[in-house]
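Using the sequences plus the hints, can you model the full thing?
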Amino acid sequence: MATDSIPLMLDGAMGGMAASMPVDLEVEDVELFGDPVVDLSMPTHAPPTKQLRKRVDEMRINGCCQKIAWSRQGTIASIAPDGQAIELRYLRTNPLDGSWGLSEPTPCSQFGTSPQFSGGPVVHLAWAATGSPELAVIDAAGRVSILTFSMTLNRPYSLRQWDDDPIDDLHAIVGTYWLPLIPQKQSSTFVPAFGPYHPNPAKSALLCVTTSCVLKLFFSQNNNKVQDTSLELESATSSDDLATHASICSEKGGMLLIALVTASRQLKVVRAAIHWASSHQDKQVPPQSIPLNPTMQHRSAAVTTWLQHGAGESQVDISSDQISHLEILPSALVSSNSFAPPLVLTVRSYLPSMTSPFHEQVQSIIDRWELVVDSPAQALHVAFEQVGTKAPPSGTTQPITRLRKLEPIVLDKVIISIHMMQLGKVICIAFSDGTVQYRDRLTMEEIYNETNLSRIMTLSQANFQFANPTPCVAVAFSPTNCSFSQVCEDGKVKWNSLKHVGPDLGPGHKDAEYAAVVAGLTIAVSTASLNQMSYDDVLATARQFVDKPRFAYDWMVDVVRMLKINVDYSEESHHDQLMRNHSLQLCLSILNHMGFRGEYQPRTFCGKFAMLSLNVRNIVILITIASNTPSTFKEKLNPLDEPEVVDALAGCAKWALDLLAYIADCIFNLLDDAKFMQMLSTSSFQEMTAYLQEKNEVALHLLLCSSTRGFLSAACRRLVHLDAVSTKATQYYELQSQMAASGNGTEHATRPVLVPLSLAYQKMQQYTSSSLVKVTEFDKLLMGLGEDIRQTYQSRTMGQAQAQAQAQGQGQGQGQGQGQVQVQQDANMKRLQAHCELALLLANNPPQSFQPMLKKFFSENVRAFRAMTDPAKLYFANYSILEVEDDVRALQAKRARHCYIDVFKRVELAGPPRLDGGGTSELMPPMGMHGPTGLWRRCARCTAVMEDLSGHKPGYTFVLSQQHAWENLTIRINRSGTMFTGLVEEIGEVSVLNRQDETGGTSLTIALPAGSELLSDAHLGDSIAINGCCLTVTELVAGRTAFVVGVAPETLRVTNLGDLAVGGRVNLERAVRADTRMGGHFVQGHVDTVAQITRVAPDGNAQTMRFSLRDRAALQHIVYKGFIAIDGTSLTVTAVDDAAGWLEVMLITYTQSRVALAAKREGDSVNIEVDVLSKYAQKNISVYIDSLVGGSGIESLVQRKIESALDAAKT
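Take the sequence shown: its letter number 977 is residue 1228 in my numbering, and every next letter is one higher.
Any given hint could be a false lead.
With a straight-line Cα cutoff of 27 Å, these simulated DSS-like cross-link-like pairs (lysine-lysine) come out [as the list claims (entries may be wrong)]:
| no. | residue 1 | residue 2 |
| --- | --- | --- |
| 1 | Lys1107 | Lys926 |
| 2 | Lys750 | Lys761 |
| 3 | Lys905 | Lys676 |
| 4 | Lys946 | Lys1106 |
| 5 | Lys979 | Lys305 |
| 6 | Lys905 | Lys946 |
| 7 | Lys926 | Lys905 |
| 8 | Lys1031 | Lys905 |
| 9 | Lys1124 | Lys1156 |
| 10 | Lys1124 | Lys1031 |
| 11 | Lys926 | Lys1156 |
I should point out that these hints are in silico values taken from the structure, not numbers from a laboratory.
Structure representation (structure tokens):
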């Protein structure tokens, strides 16, 4: 109470005092005995909202109702508010300032052929851990649809549609689980790997438990068709036997543990096993065509009742006796040889009634059971064994598995999600108020709630917290656990990331807070890299420290040490291992992002260095992929025979040549910089890098660092290759044009000149022949610098070794001592080189020993190289395509042009009009922009732009997909374009033959048999082999029961497709994926010739067929027991007669029933494709002989031998 003047009325005793007397009292909040007064008022908590009550009811009724899920590759899927679709989101960088946020949703509803949701709304989402993300979408009736994502985060296609699934409440799903992938050999050894697994290392399988206690297994066959099988776990004879919740996990020994909660309040644990048996077939049948035939077995492990009230929980309402969540956790590794037993968790939540007059709190009770195996009971006393013979003999008592109840955990919040982290040792609990708790799995004590800078396991220990908690009804944690997405009570999806709430960071590792933050981020990104997960939210968390000058470099030092990344390529002459070093690309990607300030802001030194390094690496990979794809000029579907691919390679060549010119210009400027050259001769050498960083000049570091120097050297060699290819192609097309103009009637004259392709090669040749620098000389400059650096390393190491030997004295003998010194010297040299290379990679100053080497490099090598170029042209050249602008004027000009550089084709794209009419806000969507040429795609991490590639030719898609796999740390399984195996998947039928379609050409409509899933994952532009001829899908018929392909006139001339008629049967095969077994052989789908069947004869249950070839030149590539593709079917040659011009094959019974070839008769024609490996062998031998004797190969060699013999005879 405050001090007041209180009128005190005194009666009687005061007699004559009838008036009031004012008295001032000092009243304190104390009890009669002097103790402070305790506030006994009830705590004020906001009552549960209507949305939260509805969500808890859903969780109680349906054990399978995950509304939002986050894939390992970064896609966030959530159920739309109406339940009729899902929404796909992802984290993306704002191109204006580099900040991170959640993208706009992309709706998806391709779950079945019918748009009607007869099975009720979508209720559950579950991601698989596959390289190509797969998402299970489940509706209220238990129907299952499976989507897969290849190259984009928000564009899926269907693997399985739910049309054939029954609509029955007894089939409703109450629990799901994706099998883990088979551990790879390079996986970290400290991760316990529990099976079972899908036999294919790249595939998973989905397990579902229905309300009728049936276990369903959805698995992919070797031909990528999704099939299912089932097993009854319990006999549900009444409503009390129905399951309400289920949870599955993998356990030691390749077993599955399944926890079931029934309506009769029973908790059951069942052990199950999967046997991936394959049906027995003939040994001649390729393994890829043998179907999987899995079977499942189970046995009960333990049973108890889950309703066991504990102390401290509320029992006012019966709702607290309803489970809202069930989780079973596998055995956890506690020490090197010790595992904690499996753990079952159930959650019961209590929400007070809205009409309750009491101030009641919400409450969640976590009940726990351990699945323990008790040792056999002690043997009976001898006296009891004499009672009778029914007692079991000694030693036959079996161990007993039971559920041991542990102390429950009572929390005054509503639990909406439980998530495991750190190999199952930590339980992460998300609450409805938007907060998160971490608890130890063994003790269930809260952890990571206090700062511990001396021992960092998670970012929470380094003063990171989830800021601004928002009430929600569903939560999904990211793969790295550094952020989570939540469905708020208003139905909106929000992203919440970790924020640093501790003191400001000091200048470096000497500051404990700084060191702890770097350590936490290092653990997070290293874990993501080892497990091939997206680390975008780690970048978003680290973005808070982007203004710290050395933060990105210090972070990368710890990442390199933790992942043991090789950064020393000073001894490497080949670049294969350098290109395959994905961990190095991880470091460059992080440096690139940390140095990005916005599209119209200058990049920092580290960002500029990393951006150029990554781009030149990607260009080398693109050229390598396109150039090493099998190709000849008559095979139109090869990447190098597609104008779009050649045009993209031309753009890449232009970019790489501009980069070489830019580096040369920068080096020449340094040569003319008196201050810089003075640093090479004085003690101010240690200030060189600081000076270069001030100028934002990265060219010298690109040359000094062995990894980036390797990228540049590889680019030089690819440029020389492109120059040779383009020159040869240009000459070829010029010759074709001349022959066509002369009209001499030859075969070559009748072939049309491919104008777009010839123009693309002309552009490439123009770029490579007009380079401002000589590529070969630039490569020599790099090689000379590399040799000088190696000699510098050796000299420095030898000096240190001699000093160390003198320090050790001469007490040792010469024999073994010299050997040990040599070993120690080599180890020291490796460590020294690695240390120096890491310093150069992270923009540190070169060691003092580099000073004389650099002085020689600039005074001799650079001067000699400048004499071969025109410095004026380099100075005035336009380098805008490199996006290395630093000055304000250049960036303003770029903003005014509103243009972008296509990161794939390396050409300038005109941007869409500004939404604000030319102002400054520029509300540009991060991905999915619409440019003048159609939809654009933007990288979610680096904001790079490229045109969308939907519907492009297969070779173009193949090159892009393979480059995408190389560029990303998360290796994804992509379609492999124009490559087949010769294993026929389906037999189709020609339903429409249009010899004059709207394009003026021929088109075929191929109908599929009922139930075919050949088109389940097909898109426009995909490749399908029809009778062994690779054709492009131009239209998908509604319901995916048929598809349309276009047939070029050249294809009709060289194949048997021109003989097809309506009703004709054809062999069909999709382009092979990278994750399928190569059961046949390499089939390109490029027909070499046509053959006629001259003989069909039975041979037991097999069938022998003889073929006479139209072009006998193909026989040189056909050998006995060799491969051959006939109408697209991979077969083995059983006989061949070169003189008669025929070959024979044998069709076994299995093959006869699965290919259209078996139905053909004598006189019918077939397509022939010989083994491409034979072509390569022939060409290589021919080139080798040409190099030896010149002229026309073998003919010249024979001529020389004859001349030599005649000369010998004359003498």
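| Any of the earlier hints contradicted here, and which numbers? | 3, 5, 7, 11
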